[in-house]
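Modelling step: build the complete structure from the supplied sequences, incorporating the hints.
Residues in the first sequence are numbered consecutively from 44, following the working numbering.
A portion of the hints provided could be inaccurate.
When the alpha-carbon atoms are kept at most 27 angstroms apart in a straight line, the in silico DSS-like pairs for lysine-lysine are as follows [to be verified]:
no., residue 1, residue 2
1, K478, K350
2, K183, K414
3, K424, K362
4, K215, K259
5, K183, K258
6, K350, K362
7, K258, K414
8, K442, K565
9, K414, K259
10, K478, K362
11, K414, K442
12, K350, K424
13, K364, K565
14, K258, K565
15, K259, K565
16, K565, K362
17, K183, K215
18, K565, K424
19, K478, K364
Worth flagging that the hints you see were computed from the coordinates, not collected in a lab.
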Amino acid sequence: MGRRAPGLGHPLSPGPALRLGRQPGYLRNTGRSLAASPLRRPDILGVPRTLFDLPFRDRVFSRRPRTARVRIDGAAVHEYRPLRVRARGVARPSRAGRNPRRRGRPGDDMTRIWLEELRSHVGEEVEVGGWVFNLRSSGKLYFIQLRDGTARVQAVCAADAAPAEVFARCAKLTLESSVRITAAVREDARAPGGVELLVKDLDILSVAEDYPIQKKEHGVDFLLDRRHLWFRSPRQEAILRIRSTVENAISAFFDERGFVRVDAPILTPTSCEGTTTLFETDYFGQPAYLSQSGQLYMEAAAAALGKVYCAGPTFRAEKSKTRRHVMEFWMVEPEAAFLDHEGNVSLAEDLVASIVAAVLARRRAELELLKRDVGALSRAKPPFPRVSYERAREVLSAKGRDLPWGEDLGGDEQTALAEEFDRPFVVEYFPFEAKAFYMKRREDDRRLTYSMDVFAPEGYGEIVGGSCRENDLETLLENIAAHELPLEPLEWYLDLRRYGAVPTAGFGLGLGRTVMWICGVKHIREAIPFPRMLNRFYP
RNA sequence: UCCUCAGUAGCUCAAUUGGCAGAGCAUCCGGCUGUUAACCGGAGGGUUGCAGGUUCGAGUCCUGCCUGAGGAGCCA
Numbered sequence: 044m045g046r047r048a049p050g051l052g053h054p055l056s057p058g059p060a061l062r063l064g065r066q067p068g069y070l071r072n073t074g075r076s077l078a079a080s081p082l083r084r085p086d087i088l089g090v091p092r093t094l095f096d097l098p099f100r101d102r103v104f105s106r107r108p109r110t111a112r113v114r115i116d117g118a119a120v121h122e123y124r125p126l127r128v129r130a131r132g133v134a135r136p137s138r139a140g141r142n143p144r145r146r147g148r149p150g151d152d153m154t155r156i157w158l159e160e161l162r163s164h165v166g167e168e169v170e171v172g173g174w175v176f177n178l179r180s181s182g183k184l185y186f187i188q189l190r191d192g193t194a195r196v197q198a199v200c201a202a203d204a205a206p207a208e209v210f211a212r213c214a215k216l217t218l219e220s221s222v223r224i225t226a227a228v229r230e231d232a233r234a235p236g237g238v239e240l241l242v243k244d245l246d247i248l249s250v251a252e253d254y255p256i257q258k259k260e261h262g263v264d265f266l267l268d269r270r271h272l273w274f275r276s277p278r279q280e281a282i283l284r285i286r287s288t289v290e291n292a293i294s295a296f297f298d299e300r301g302f303v304r305v306d307a308p309i310l311t312p313t314s315c316e317g318t319t320t321l322f323e324t325d326y327f328g329q330p331a332y333l334s335q336s337g338q339l340y341m342e343a344a345a346a347a348l349g350k351v352y353c354a355g356p357t358f359r360a361e362k363s364k365t366r367r368h369v370m371e372f373w374m375v376e377p378e379a380a381f382l383d384h385e386g387n388v389s390l391a392e393d394l395v396a397s398i399v400a401a402v403l404a405r406r407r408a409e410l411e412l413l414k415r416d417v418g419a420l421s422r423a424k425p426p427f428p429r430v431s432y433e434r435a436r437e438v439l440s441a442k443g444r445d446l447p448w449g450e451d452l453g454g455d456e457q458t459a460l461a462e463e464f465d466r467p468f469v470v471e472y473f474p475f476e477a478k479a480f481y482m483k484r485r486e487d488d489r490r491l492t493y494s495m496d497v498f499a500p501e502g503y504g505e506i507v508g509g510s511c512r513e514n515d516l517e518t519l520l521e522n523i524a525a526h527e528l529p530l531e532p533l534e535w536y537l538d539l540r541r542y543g544a545v546p547t548a549g550f551g552l553g554l555g556r557t558v559m560w561i562c563g564v565k566h567i568r569e570a571i572p573f574p575r576m577l578n579r580f581y582p
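Here it is in structure tokens:
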């Protein structure tokens with residue numbers, strides 16, 4: 044735990060490209076500058092070491108076999124030659140069966156394709172790379188189930204269709220070994236998906252050790268300890284894709300409406316709401332806390348930019364142990380000046396609806412794989428059903444669950460209430476005593492606030508919580524006193540009321556819970572790439 | 001922090017009233033030219049979470065501890 048492979052460098056460094064260059068068949072700069080520009084001497088330090096450090100448009104290929112000449116900055120021309128270093132444990136690429144179109148065009152990766160593109164290459168010969176997720180053999184026939192992250196396809200290696208050495212190499216394959224395959228693409232009704240690869244050449248890039256995750260059910264503890272490998276299973280892959288679509292839909296939604304993304308700090312001098320326990324860390328001798336919300340900072344940003352939002356991780360040090368809770372989760376928090384309660388509710392409704400619509404439009408296959416009944420999702424169109432807090436109490440009483448006035452809706456209450464609705468619904472006007480100090484009270488009933496929560500149906504619980512903010516300085520000071528919060532750390536926040544206070548409103552949307560509901564997974568840990576849970580933050 | 005449940009082979013699980021610790025999958029060896037979590041034959045694989053107790057005898061009963069899961073509280 045905590046180990047780091049040496050020499051990997053910063054994730055944004057060109058490390059991977061340089062490593063690619065150490066594999067057979069790639070091109071390394073020979074150091075020869077063939078034609079220096081009369082206007083400018085090439086800066087040697089700026090010359091890429093391998094061809095793959097260059098954008099494709101800058102690659103100029105020589106007619107001479109196995110070399111490439113490259114124009115850099117449109118000036119100097121450099122010569123590149125194939126690198127013939129054999130990496131440890133990597134088989135030398137076989138000459139037999141190579142795509143003839145590759146000959147004389149070293150470095151040309153035009154024929155390498157992703158598996159998702161396979162259908163448009165039927166009848167052609169292509170090169171693909173990937174991992175063996177399943178393997179069957181039948182004497183003179185290997186069925187290699189291959190995935191490359193974009194799709195899954197079956198490659199067939201037949202003794203009478205591949206060179207003997209290639210066929211023999213297949214015996215070394217294990218689950219999750221990585222390979223590079225040259226093969227003919229053909230349609231075959233017997234193959235899953237109807238298209239398969241007939242292997243002409245196969246290089247084993249890495250023989251995988253005994254792979255722990257099997258093609259059957261596993262316990263949660265076992266899988267979470269191997270989250271980094273669990274990713275590779277189809278179900279987890281689908282969830283991660285949907286999560287990405289949700290994130291893209293969110294930024295598209297706000298972008299279209301002119302909201303500016305402003306990033307909130309993660310290290311904060313104090314808690315935002317003073318309600319939950321925070322993670323404390325040492326900030327050069329001073330205590331600092333991991334942010335539980337970016338909201339107060341968004342209020343400052345809204346006073347500068349009008350319509351803003353943030354999206355980032357938030358942290359709660361509560362020892363929660365339920366299917367809806369994790370210690371670290373991503374939250375999206377819009378905040379807008381001159382937004383009232385009705386506008387806030389509509390904004391939340393529109394956001395949720397547009398997220399769901401994007402997933403329904405672009406991730407049908409993934410939802411199907413997850414066996415998600417899309418009924419409740421298709422009904423997530425504004426306006427959502429709305430009930431007031433007081434009406435919600437009446438509904439709960441009728442169901443035999445009395446909720447004392449002033450108490451927030453607990454997990455059981457949320458589930459009971461959700462039985463009444465077949466789509467997301469809004470509960471509004473919560474009591475002041477159940478909510479945070481910055482929420483604006485109703486003028487007609489000071490006990491209540493202009494607050495609203497959006498609940499996902501089907502028992503997934505609260506996905507949005509928001510309110511209008513108290514913009515009067517005196518009232519805000521009273522509220523802070525009522526919640527017994529220290530004043531000094533909030534001075535900057537009070538400034539927002541001293542220098543041109545306007546009505547503002549906003550909300551927080553829990554990304555993990557939204558993904559969990561859309562995917563129909565029963566635990567939030569599956570909706571987060573690397574969940575941080577009570578007593579578990581490995582890997 | 002509290003309540004409930006669980007811990008047996010690498011994985012998922014079984015083991016009758018307290019009586020020889022097993023199966024499937026995975027791994028290794030062999031077979032098979034259309035497999036679909038392939039199949040068939042063979043082999044290896046165990047401090048039954050840890051410590052103590054009761055008993056002729058404990059995976060099983062008792063006590064304590066550890067680890068995990070579900071829920072409460074808190075919330076997105």
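Right, here's what the structure says about each hint:
| no. | hint | in the structure |
| --- | --- | --- |
| 1 | K478 x K350 | holds (24 angstroms) |
| 2 | K183 x K414 | violated (37 angstroms) |
| 3 | K424 x K362 | violated (35 angstroms) |
| 4 | K215 x K259 | holds (23 angstroms) |
| 5 | K183 x K258 | holds (24 angstroms) |
| 6 | K350 x K362 | violated (35 angstroms) |
| 7 | K258 x K414 | holds (18 angstroms) |
| 8 | K442 x K565 | holds (25 angstroms) |
| 9 | K414 x K259 | holds (17 angstroms) |
| 10 | K478 x K362 | holds (20 angstroms) |
| 11 | K414 x K442 | violated (31 angstroms) |
| 12 | K350 x K424 | holds (23 angstroms) |
| 13 | K364 x K565 | holds (14 angstroms) |
| 14 | K258 x K565 | holds (21 angstroms) |
| 15 | K259 x K565 | holds (19 angstroms) |
| 16 | K565 x K362 | holds (20 angstroms) |
| 17 | K183 x K215 | holds (15 angstroms) |
| 18 | K565 x K424 | holds (23 angstroms) |
| 19 | K478 x K364 | holds (22 angstroms) |
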